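> Given chain A, work out where chain S should sit, using these hints.
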Amino acid sequence: MNNDIQIKKSSEVYDAIIVGSGAGGGMSGYVLAHAGLKVLMLEAGPFFDPAKDSMQLKWPYESARRGAGTTRYFGDFDAAYGGWEIEGEPYTTTDKTEFHWFRSRMLGGRTNHWGRISLRMGPDDFKGHHIDGLTDDWPISYDDVKPFYDKVDRLIGVYGTVEGLPNEPDGIFLPPPKPRLNELYIKKGAAKAGVKVIAGRGSVLTEALPGNKDRGACFFCGQCGRSCKIYGDFSSSSCLVIPAIKTGNLKVIPNAMVREVLTDANGLATGVSYISKEDMQEYQVKGKMVILGASAGESARLLLNSKSSRHPNGLANSSGVVGRYIHDSTGSSAGGWLPELMDRKRYNEDGVGSVHIYGPWVYDNKKLNFPRGYHIEFGGGLHMPGYGFSGGIQNMNGVVPGKDGKMKEAGGFGADLKEDYRRFYGTGFGMAGRGTAIARYDNYCEIDPNVVDKFGIPVLRFHYTWSDYEIQQAKHMQDTFQDIMHNMGGAIYGPPQGKETNYGLEAPGMIIHEVGTVRMGDDPKKSALNKYSQAHDCNNLFVVDAAPFVQQGDKNATWTILALSMRTAEYILSQRKKLNV
Amino acid sequence: MNRRDSLKALGIGAISTGVLLEACKPKGNKLAEDNTAAPAAAEAGRQPFEVERDKKLNAEKFFTDHEMTTITVLGDIIIPKDARSGSASDAKVPAFIEFIVKDMPEHQTPMRGGLRWLDVQCLNKYGKTFVDASSAQQIEMVTAIAYPKKAKPEMAQGVSFFNRMRDLTASGFYTSKIGIDDLGYVGNQPGKWDGVPADVLKQYNISDPWGNKW
Numbered sequence: 001m002n003n004d005i006q007i008k009k010s011s012e013v014y015d016a017i018i019v020g021s022g023a024g025g026g027m028s029g030y031v032l033a034h035a036g037l038k039v040l041m042l043e044a045g046p047f048f049d050p051a052k053d054s055m056q057l058k059w060p061y062e063s064a065r066r067g068a069g070t071t072r073y074f075g076d077f078d079a080a081y082g083g084w085e086i087e088g089e090p091y092t093t094t095d096k097t098e099f100h101w102f103r104s105r106m107l108g109g110r111t112n113h114w115g116r117i118s119l120r121m122g123p124d125d126f127k128g129h130h131i132d133g134l135t136d137d138w139p140i141s142y143d144d145v146k147p148f149y150d151k152v153d154r155l156i157g158v159y160g161t162v163e164g165l166p167n168e169p170d171g172i173f174l175p176p177p178k179p180r181l182n183e184l185y186i187k188k189g190a191a192k193a194g195v196k197v198i199a200g201r202g203s204v205l206t207e208a209l210p211g212n213k214d215r216g217a218c219f220f221c222g223q224c225g226r227s228c229k230i231y232g233d234f235s236s237s238s239c240l241v242i243p244a245i246k247t248g249n250l251k252v253i254p255n256a257m258v259r260e261v262l263t264d265a266n267g268l269a270t271g272v273s274y275i276s277k278e279d280m281q282e283y284q285v286k287g288k289m290v291i292l293g294a295s296a297g298e299s300a301r302l303l304l305n306s307k308s309s310r311h312p313n314g315l316a317n318s319s320g321v322v323g324r325y326i327h328d329s330t331g332s333s334a335g336g337w338l339p340e341l342m343d344r345k346r347y348n349e350d351g352v353g354s355v356h357i358y359g360p361w362v363y364d365n366k367k368l369n370f371p372r373g374y375h376i377e378f379g380g381g382l383h384m385p386g387y388g389f390s391g392g393i394q395n396m397n398g399v400v401p402g403k404d405g406k407m408k409e410a411g412g413f414g415a416d417l418k419e420d421y422r423r424f425y426g427t428g429f430g431m432a433g434r435g436t437a438i439a440r441y442d443n444y445c446e447i448d449p450n451v452v453d454k455f456g457i458p459v460l461r462f463h464y465t466w467s468d469y470e471i472q473q474a475k476h477m478q479d480t481f482q483d484i485m486h487n488m489g490g491a492i493y494g495p496p497q498g499k500e501t502n503y504g505l506e507a508p509g510m511i512i513h514e515v516g517t518v519r520m521g522d523d524p525k526k527s528a529l530n531k532y533s534q535a536h537d538c539n540n541l542f543v544v545d546a547a548p549f550v551q552q553g554d555k556n557a558t559w560t561i562l563a564l565s566m567r568t569a570e571y572i573l574s575q576r577k578k579l580n581v
Numbered sequence: 001m002n003r004r005d006s007l008k009a010l011g012i013g014a015i016s017t018g019v020l021l022e023a024c025k026p027k028g029n030k031l032a033e034d035n036t037a038a039p040a041a042a043e044a045g046r047q048p049f050e051v052e053r054d055k056k057l058n059a060e061k062f063f064t065d066h067e068m069t070t071i072t073v074l075g076d077i078i079i080p081k082d083a084r085s086g087s088a089s090d091a092k093v094p095a096f097i098e099f100i101v102k103d104m105p106e107h108q109t110p111m112r113g114g115l116r117w118l119d120v121q122c123l124n125k126y127g128k129t130f131v132d133a134s135s136a137q138q139i140e141m142v143t144a145i146a147y148p149k150k151a152k153p154e155m156a157q158g159v160s161f162f163n164r165m166r167d168l169t170a171s172g173f174y175t176s177k178i179g180i181d182d183l184g185y186v187g188n189q190p191g192k193w194d195g196v197p198a199d200v201l202k203q204y205n206i207s208d209p210w211g212n213k214w
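Chains as they are written, first to last, in my numbering: chain A, 1 to 581; chain S, 1 to 214.
Hints in this document: simulated from the structure, not taken from any laboratory. Computed from a prediction, not measured in an experiment: that's the story for all the values here. Even for Gly, the Cβ is constructed at its ideal location relative to N, Cα and C. Please note that a few of the clues may not be correct.
Claimed, not checked - Just a few of them, taken from the derived set where beta-carbon distance is under 8 Å, the chain A residues facing chain S:
#	residue
1	Arg-66
2	Tyr-81
3	Pro-179
4	Lys-345
5	Phe-389
6	Ala-410
Bound conformation, chain A alone (with noise of 0.2 Å):
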């Protein structure tokens, strides 16, 4: 045992300190660095370089279990360092409520494994209030974040298609990849079915991107969930912080793992206090100023655990909204396969990592019983095989006639079974919904008063439950998809999931994109920060992640984190001109 602890003060003064190196701290560390700051990131977890980490284009018989979850939710090869559970690092639920917290411990954080699917939000997702006279509008609107927006996408890369949808904003975009056949069939039945699908949107370069040394252009192997070694998708690691190193400007401590901010008799911050992981030491590094981007939850938790005479609520938590008003995207999904698609022709079908096709919301909530709206996700085609393949074949083998034309009877074995495989292979799909949940008030993470890590950092506290909009929205869902399927040609599909599930309604966190706790707003005594994502209470602390959102719309959070991110950045480059901080 060690027993001789100490606090290691550093003298250096950075010009920014920066928590997390996800796509905010990413963002605002590219920005700050290109711009000549002086700049110290810390991560939680390792260095993570997809380059030499992605286990991008390995087999699934180079994993002994297959790529099944069973250390990463994912599988295997998902470069998520992290999931809904960490040993050691515990978070708790009260009221019998549930929410399910992922985090990613690592070099850009959980950038190295989502979905790439890159949407704008529209301009009634930032200001919906007229619309429903529900949940509060943002201090700011489209137009003051879509030069930033249009500024991702030029330096980050999306494609997509020019849609002309009100409250779908176009970006400058790269060429979609075209449908497989499997999405073919489900763009067939979703026009039948009258609903609107498109062209994905994602943050993968189906082309060189322009004026980009760094990145190879993608060779469509369909991993993008394992990061990609060429740099040819965003990641955090890849496009942002690792740029942001090479400038010379920017250091990142990995392993490090943010205690506390601390501040001075004034109240401002002057720094953070961090135990490193790899000696179990505690750190004390100084800054001008402090850039929260450990996302929601973590940067709630950091203010809350930074109490002082000054801010005796946690700091800038003079108003009390800190870890109020989380919210998680909605999720129901549903999935069959296409007999007409047995025995289908092979060919390389990975495509790209992310959406081929998607669902845009355009409908009118005014004939509905839900506020708001989802879109859907789609997918199929001649995957990869891994654990699981051609699972519970007795529930598909019985239903369709054989080779000869004879109906089969359920399950078996021998030859004729593996003839089924290969008949079978390819012909399945899904689709899933992502939905607006309201922000609201009395769903809040707080800090456990008697739980701690294994850091003796006290931990989050969730309390989180879904109401009938969000109930009611996912059953919606469920009929949409029933639609789609009764469409789709001969598909085979099971029932909808109905009131007992709440229509497949997936727990508060299982979507991963929870936002909200430290919102921004135009009024100290309702908002953490002002539009600029600066806290009112604490003028050189800013937070750049998904906490500074007042509602999210059904879009995933993370074009828009980067968006603000930036907007943050630039800002804190021409008040740092003003001399302000």
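This is chain S only, laid out in the frame that chain A set:
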């Protein structure tokens, strides 16, 4: 970086597709399946606890020799050698099943109990364990539990066991080199996706690769 440069970065630059295909095959005579139970080495992209965990699992033995023999016979009845490819045991499926029940302990009791259930059935019926029964008797026994809808009610536990055994066999076989080749999966290599090939579109009467015209 253009696409060709990307491939170069991967170390598979300007070479023909045939060479690429060849390059993606495992080197030497050693079959990839032989690696199934090999001790995991520390490698890039894996966390130390994962490497340790695999090492520990590989050092443990769950199934008895008799159970392993039964699994091997059953696996080859489920996926036998045919004109196109080898059998489950050719693809080292038994070793995969030994590993996976250690990796996912929820398989352990149903597998161990199911194997014993099978032996007791055979002892009562044939006076021999499953592996010692004749081929005809083995097939008769398997037939009694392989078809969930027509199996007799007293065979229900055997049906559950066989469903699991069939799924594990398929998982092990079709994720092996032999099984992947059998399926005809041709991805997991650099390529260019330009939509469903024209002849396939034609086969399904689709007039354009975006699926707007059928």
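> Does the CB of A:Phe-389 sit less than 8 Å away from some CB of chain S?
Because about 4 Å separates A:Phe-389 from the closest Cβ in chain S, which is inside the 8 Å limit, the hint holds.
> When the nearest CB of chain S is found for A:Pro-179, is that gap smaller than 8 Å?
holds, 6 Å
> Does A:Ala-410 pass the interface check with chain S, least Cβ-Cβ distance below 8 Å?
It holds, given that the least Cβ distance between A:Ala-410 and chain S is near 5 Å, below 8 Å.
> Next item in the hint list is A:Arg-66. Is there a CB on chain S closer than 8 Å to its CB?
Holds: closest Cβ of chain S sits about 4 Å from A:Arg-66, inside 8 Å.
> Taking 8 Å as the limit, does the beta-carbon of A:Lys-345 come near enough to a beta-carbon in chain S?
holds, 6 Å
> Mind checking the CB of A:Tyr-81 against every CB in chain S and telling me if the closest is under 8 Å?
holds, 6 Å
The earlier numbered hints are all upheld by this structure, with none contradicted.
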